[in-house]
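Once you've looked at the hints, dock chain F against the given chain V.
One line per chain: the protein sequences are V and F, in this order. Okay, so the first sequence: first residue is 1 according to our numbering, each after it adds one. Okay, so the second sequence: first residue is 1 according to our numbering, each after it adds one.
Derived by calculation from the structure, the hints in this document are not laboratory data. Predicted, not measured: the structure shown is a model, and the values here were computed from it.
Just a sample of chain F residues kept apart from chain V, beta carbon distances all over 12 angstroms, derived:
| # | residue |
| --- | --- |
| 1 | N18 |
| 2 | S26 |
| 3 | K56 |
| 4 | Q58 |
| 5 | Q60 |
| 6 | T63 |
| 7 | S74 |
| 8 | G83 |
| 9 | D84 |
27 angstroms max Cα-Cα, derived BS3-like pairs, lysine-lysine:
| # | chain 1 | residue 1 | chain 2 | residue 2 |
| --- | --- | --- | --- | --- |
| 10 | V | K44 | V | K27 |
| 11 | V | K44 | F | K107 |
| 12 | F | K68 | V | K44 |
Note that the Cβ used here is the ideal one computed from N, Cα and C, for glycine as well.
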Amino acid sequence: NAGVMQNPRHLVRRRGQEARLRCSPMKGHSHVYWYRQLPEEGLKFMVYLQKENIIDESGMPKERFSAEFPKEGPSILRIQQVVRGDSAAYFCASSPPGVASYEQYFGPGTRLTVT
Amino acid sequence: GESVGLHLPTLSVQEGDNSIINCAYSNSASDYFIWYKQESGKGPQFIIDIRSNMDKRQGQRVTVLLNKTVKHLSLQIAATQPGDSAVYFCAENIGGYQKVTFGTGTKLQVIP
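One chain only, chain F, in its complex shape:
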């Protein structure tokens, strides 16, 4: 079946460096993508989203890039901080329907 998946299950980054978390999706009908951050013992927290008619969107210290040609999504975190340590999920939404499909997740470990 169609699914959202991630390339790297764990990513270790030095504090202050930039982080890049990748996500591959297979459903070309997906028109909305979201990145969530989940800290241990907590619910997912919305970080940033992007619609399929865009290829880049920036937030505070975060940037999401969308490459529809290769069905690839990435989350870039600038100047990674210890507080960024968490599991990051990409998620997709299809065709205006509010059901969201989550990927497997990437664990980001920030080394002080």
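Pulled out of the complex, with its shape left as it was, chain V reads as follows:
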């Protein structure tokens, strides 16, 4: 069973461009979470999605950021008109269905650099 997959692993964008980060959850997992991590800091929750639904986006900036988890295909975190402050590692995690399961499995992350 493959783990959580994220691509690309490294992404370089110029200011003003768009960044698309992809996350494929573990097989059988229907919950996806996105986190952002700045160097030497902890992970900050951004958004929690289930298939075709955004459950909690309280950690996501209102402007320029969006996330989706379609019925088919990976979850996408999209950052429009990137700025230098968006440079960070973005981690995706997934968990199996059911409220009783809190354990989240993390992907290797996408390191976004905005030049």
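Just chain F now, kept in the frame of chain V:
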């Protein structure tokens, strides 16, 4: 606001010794706690968890202790090995909701 935090940002331990990493939390409603290990360049890896109705849980070489009275959580690693060098995060979950809040992290350095 309420948050999860750590007492020590960096911990250096001799190989073979035991390590203790501490974490303070402030939300008394938290009912589930997790420790994650993050190696350089990788995503966090689940180590061990504990529910608020327990005060101790043991895994392989690791033990988590929960003191709800003082809102304190600790991770004990027995016979620390070089492969244990990483940043360790405590995290909390509140009320059956799957959103997890992470603490700042403690960097564990194992001295050979």
